[in-house]
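Counting from 1, position 73 in the sequence shown corresponds to residue 72 in numbering that gives the first Met the number 0; the numbering is continuous, with no gaps.
No wet-lab data here; the hints were simulated from the structure. Among the clues, some could well be false.
[What the hints assert, rightly or not] Estimated spans, in silico, between C-beta atoms of each pair:
#: 1; residue 1: 25; residue 2: 0; range: 17 to 27 Å
#: 2; residue 1: 3; residue 2: 76; range: 57 to 67 Å
#: 3; residue 1: 71; residue 2: 0; range: 42 to 52 Å
#: 4; residue 1: 4; residue 2: 57; range: 14 to 24 Å
#: 5; residue 1: 34; residue 2: 60; range: 41 to 51 Å
#: 6; residue 1: 69; residue 2: 39; range: 49 to 59 Å
Glycine residues also receive a C-beta, built at the ideal position from the N, C-alpha and C atoms.
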Amino acid sequence: MAYGLGAALGPMASGLSMAALGPAGLFQQSAVVMGGLAIFALYRLLARASPLRRPFVPKPAAQYSSNELYDAFQEQVEHDDTLPGAVKRK
Numbered sequence: 000m001a002y003g004l005g006a007a008l009g010p011m012a013s014g015l016s017m018a019a020l021g022p023a024g025l026f027q028q029s030a031v032v033m034g035g036l037a038i039f040a041l042y043r044l045l046a047r048a049s050p051l052r053r054p055f056v057p058k059p060a061a062q063y064s065s066n067e068l069y070d071a072f073q074e075q076v077e078h079d080d081t082l083p084g085a086v087k088r089k
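Sequences are here, hints too, so could you generate the full structure?
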């Protein structure tokens, strides 16, 4: 929405600033817009700094112990001879 608003109003604002200030108005209008963006970016950087924030630690949806994984694999090996580590039954 902000992109569309800027695309619609930006050329109009540039034209008005050029009409009032001449060709230098385009660069002055660009400087004002970029300065506003820089101030907004600094505000967002400072507003997000929180001592309560902890680093993100990815965790799987389900956690299994190594014993559970080993037991599940052994059960699967008993039923499927094509798996690696499977002992061929006679």
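Structure-based check of all given hints:
no., hint, in the structure
1, 25 with 0: 17 to 27 Å, "holds, 25 Å"
2, 3 with 76: 57 to 67 Å, "holds, 59 Å"
3, 71 with 0: 42 to 52 Å, "holds, 50 Å"
4, 4 with 57: 14 to 24 Å, "violated, 36 Å"
5, 34 with 60: 41 to 51 Å, "holds, 46 Å"
6, 69 with 39: 49 to 59 Å, "holds, 54 Å"
When each numbered hint is compared with the structure, a violation occurs for hint 4 only.
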